[in-house]
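Colleague: Spelled out from the first residue to the last, the chains are:
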Amino acid sequence: MERVPILKIGQTLFVSIQIDLQDESVIRLQEDLADELAASGAHGVIIDITAVEIVDSFIGRMLTTIGSISRLFDAETVLVGMRPAVAITLTELGLSLKGVRTALNAEKGLEILNGKS
Amino acid sequence: MDELSIQSGDDVVRVRQFVRNAAADNGLSLVDQTKLVTAASELARNTLVHGGGGTARVEVVKSANGRAGVKLYFTDEGPGIPDIEQALTDGWSTGTGLGLGLSGARRLVDEFELTSKPGAGTSVTVVKWSR
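Protein sequence lines correspond, in order, to chains P and Y.
Once you know that position 20 of the first sequence is 20 in the working numbering, the rest is easy, because the numbers rise by one and skip nothing.
Once you know that position 4 of the second sequence is 4 in the working numbering, the rest is easy, because the numbers rise by one and skip nothing.
Each hint should be verified, as a subset may be incorrect.
Said to hold, decoys possible - Pair by pair, the computed Cβ-Cβ distance ranges are:
#, chain 1, residue 1, chain 2, residue 2, range
1, Y, D25, P, S96, 29 to 35 angstroms
2, P, E107, Y, S5, 31 to 37 angstroms
3, P, L7, Y, R131, 25 to 31 angstroms
4, P, I112, Y, N65, 46 to 52 angstroms
5, Y, L88, P, I88, 31 to 37 angstroms
Calculated from the structure, these hints are not laboratory results.
Built from N, CA and C at the ideal position, the CB exists for glycine as well.
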């Protein structure tokens, strides 16, 4: 199983998903992020899915869960870089990713997080 | 026709990659490729998680009016689905997900056929046509 690295830059945790996600990798990412949020006291999480070719119902649910977990650690999650084909497919699948903020790219995501503090 | 075994999470990823290549090679648009691969991901996960593993078959097909398509056939010898209509309802779940896997996969493809009997496994056939 491949793991997704988490980078801490200032008060923000940065996650860029560059692998073809299998379920175990997503569950692991969720656990690693919770640990990292607790240890670092970061106030924001940016998840970059520019390289992610599909988001199915499991991955989508996990992204929503990550948003909820972050909030328990006083951190906001912004999902950035969703491909147009992924957005269309997610909507047709019936997933709204409720509760997760989105931004066009990492730069705009950071602006949202910085506007918060 | 190619047959792929589904016995692990790695296999689910392999099925997705294989379907992506088949869809791209046969003229499906990027959005249609993404829809088919997403449906394949849902169905391969079902085969693994609910069916206890099984196989995926990938076939290139041609319609009567000459359009190319990709046909996927997932089969397992798991416990089967007692109530198919219920299983295809949005939000109905065995408890591990949102209940969008099967119903969502059906929306993402052009043709969808599910056969299942309790104790006799489940098979799902889907087709996505190029436009």
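Colleague: With reference to the structure, classify each hint as holding or not holding.
Modeller: Hint by hint, here is what the structure shows:
| no. | hint | in the structure |
| --- | --- | --- |
| 1 | Y:D25 <-> P:S96: 29 to 35 angstroms | holds (33 angstroms) |
| 2 | P:E107 <-> Y:S5: 31 to 37 angstroms | violated (43 angstroms) |
| 3 | P:L7 <-> Y:R131: 25 to 31 angstroms | violated (41 angstroms) |
| 4 | P:I112 <-> Y:N65: 46 to 52 angstroms | holds (48 angstroms) |
| 5 | Y:L88 <-> P:I88: 31 to 37 angstroms | violated (22 angstroms) |
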